[in-house]
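Just need the whole structure built from these sequences, with the hints factored in.
There are 4 protein chains.
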Amino acid sequence: MPKINRYVDISTVDREAKKDYIDRHSPFLTCAATAKAGQKFPVTVRVGKEYTHPDDNDHYIKSVALYNRETLLAEAGFVAGALGGQGQKGQAEVTFQIVPTGKKLELTAIAYCTKHGLWECDPVEVTVEE
Amino acid sequence: MPKINRYVDISTVDREAKKDYIDRHSPFLTCAATAKAGQKFPVTVRVGKEYTHPDDNDHYIKSVALYNRETLLAEAGFVAGALGGQGQKGQAEVTFQIVPTGKKLELTAIAYCTKHGLWECDPVEVTVEE
Amino acid sequence: MPKINRYVDISTVDREAKKDYIDRHSPFLTCAATAKAGQKFPVTVRVGKEYTHPDDNDHYIKSVALYNRETLLAEAGFVAGALGGQGQKGQAEVTFQIVPTGKKLELTAIAYCTKHGLWECDPVEVTVEE
Amino acid sequence: MPKINRYVDISTVDREAKKDYIDRHSPFLTCAATAKAGQKFPVTVRVGKEYTHPDDNDHYIKSVALYNRETLLAEAGFVAGALGGQGQKGQAEVTFQIVPTGKKLELTAIAYCTKHGLWECDPVEVTVEE
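Chains A, B, C and D, in that order, give the protein sequences. Residue numbers for the first sequence follow the numbering used here, so the first one is 1 and each next one is one higher. Residue numbers for the second sequence follow the numbering used here, so the first one is 1 and each next one is one higher. Residue numbers for the third sequence follow the numbering used here, so the first one is 1 and each next one is one higher. Residue numbers for the fourth sequence follow the numbering used here, so the first one is 1 and each next one is one higher.
Hints may be right or wrong, so weigh each one.
Copies of the same chain look alike in the list, so a pair counts if it works inside one copy or between any two.
[Claimed, not checked] Result set (DSSO-like, lysine-lysine): computed pairs, CA atoms no more than 27 Å apart in a straight line: (1) LYS18 with LYS103; (2) LYS40 with LYS115; (3) LYS40 with LYS19; (4) LYS103 with LYS19; (5) LYS18 with LYS3; (6) LYS3 with LYS49; (7) LYS18 with LYS36; (8) LYS89 with LYS19; (9) LYS36 with LYS19; (10) LYS19 with LYS104; (11) LYS3 with LYS62; (12) LYS40 with LYS18; (13) LYS40 with LYS104; (14) LYS104 with LYS115; (15) LYS89 with LYS103; (16) LYS18 with LYS49; (17) LYS103 with LYS3; (18) LYS49 with LYS89.
No lab work stands behind these hints: they were computed from the structure.
Now the structure itself:
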């Protein structure tokens, strides 16, 4: 409350409109499976994988936040127009460089759409090596 | 994932430490039960009601976000030190002035603690009158 | 670069359109002249004093930030629609509760309009008493 | 007011401590000189080029904002600890993917250090081709 929508594997979804709806709102994490402790580790968050989202003034992806379990690591804010503007579609995308510590990261991301609210992805485990 | 902690009525909680833990992390909404459409309507979000939270550099309330159902209305960011600083305690607090439309608001807030993650409050209904 | 627009006393400005333009974009600080160290001290930031700003999807006040000299104390983010929405006008407004330390605050605020960029106000001095 | 510190070419600066101070606080933009209209265009903002900044709880790079002239394109928020944590040093870095329109971008970035305030870089021109 607000509801947080959770990604569902769209290959299990029948209706094309629903596949599109889920995919274009979900944040996807791209990073290596293993990181070196104390070294820069790039993590990309992209909203939409196979589909694109409108970049309209009244309907756009406003932000993404990257968490390691319960802890915020970084966040990005976007504005309508930065993906081509009114009538265009795109995928909000940002790459953070974090420097991991500890033995393991459990990364998740939350995206916010100005019309369809909060969306989170499945967690991604990263092993941190000395 | 990240877990979002939900407020629990602390009068139902036995242990004093747990009452304190829950209360000092939970956002509380204060506003009138009825708003006038098209007129300024103050909504206060305060983190902690009967207890206070540290304002330490490694442990403070970093942000609150105010939602009407799934829609973000406003957000505030705080910094360590603005509530007295290292060794002090306080309640992060902000008052937004929103101008409601529609017939009803269903307000909630989410707070973020840099050590204990996301916390949300119970929704508060506001009737919007013409 | 980006240019930061600075408030100009509009009583010194001739053209009505320019008075309106300057006033509706400028953040105004309201707070007491004296604060008690270690006690809550409300500071209101309102964008526009005598004039109001559009709340359109492509043109709204997106944020305000409150500084004590060079140090950020708090910030607020607003969304189009929270002041009545498309075709309406209003004044973005937020009240922060800060707990001052030291002997003096020198407060300023910066507001951001999605069409007309960054605007700052004149600094306001607050004496902090033990 | 707050002062915005402007990057100075450190090869013109004598004192090593001052070179370090200026460089580690300044945002640096990396991107191609030419973009294709309507296509993704990566822009990296890194704070510090030859020097690194502390990642301490009371002293870290909190945010960067990317502007096209007066218009905010994207912003990123960082937390203490995400660059290795207390006692470590690093360079806050983020890569945004924007989709340019128009004929030219004039990019700048502003970074915020929790101890040393706002810092901006020299503008970078990007030609946008059809």
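Comparing the hints with the structure gives:
1. LYS18 with LYS103: neither (38 Å within a copy, 29 Å between copies)
2. LYS40 with LYS115: between (35 Å within a copy, 23 Å between copies)
3. LYS40 with LYS19: Between copies only: 24 Å across, 34 Å inside.
4. LYS103 with LYS19: This pair counts as neither: shortest intra-copy Cα distance 35 Å, inter-copy 32 Å.
5. LYS18 with LYS3: both (18 Å within a copy, 26 Å between copies)
6. LYS3 with LYS49: both (22 Å within a copy, 24 Å between copies)
7. LYS18 with LYS36: neither (39 Å within a copy, 32 Å between copies)
8. LYS89 with LYS19: within (16 Å within a copy, 38 Å between copies)
9. LYS36 with LYS19: For LYS36 and LYS19, the Cα distance exceeds 27 Å both inside one copy (36 Å) and across copies (30 Å).
10. LYS19 with LYS104: neither (32 Å within a copy, 31 Å between copies)
11. LYS3 with LYS62: both (17 Å within a copy, 21 Å between copies)
12. LYS40 with LYS18: Classified as between; 26 Å across copies, 37 Å inside a copy.
13. LYS40 with LYS104: Within one copy, since 15 Å is at most 27 Å while 32 Å is not.
14. LYS104 with LYS115: Answer is between; shortest inter-copy Cα gap is 17 Å, intra-copy 35 Å.
15. LYS89 with LYS103: For LYS89 and LYS103, the Cα distance is within 27 Å only across copies (20 Å; inside one copy 39 Å).
16. LYS18 with LYS49: This pair counts as within: shortest intra-copy Cα distance 14 Å, inter-copy 42 Å.
17. LYS103 with LYS3: Classified as between: cross-chain Cα gap 20 Å, same-chain 32 Å, threshold 27 Å.
18. LYS49 with LYS89: within (13 Å within a copy, 34 Å between copies)
Violation of the numbered hints given earlier is confined to hints 1, 4, 7, 9 and 10; the remaining hints are satisfied by the structure.
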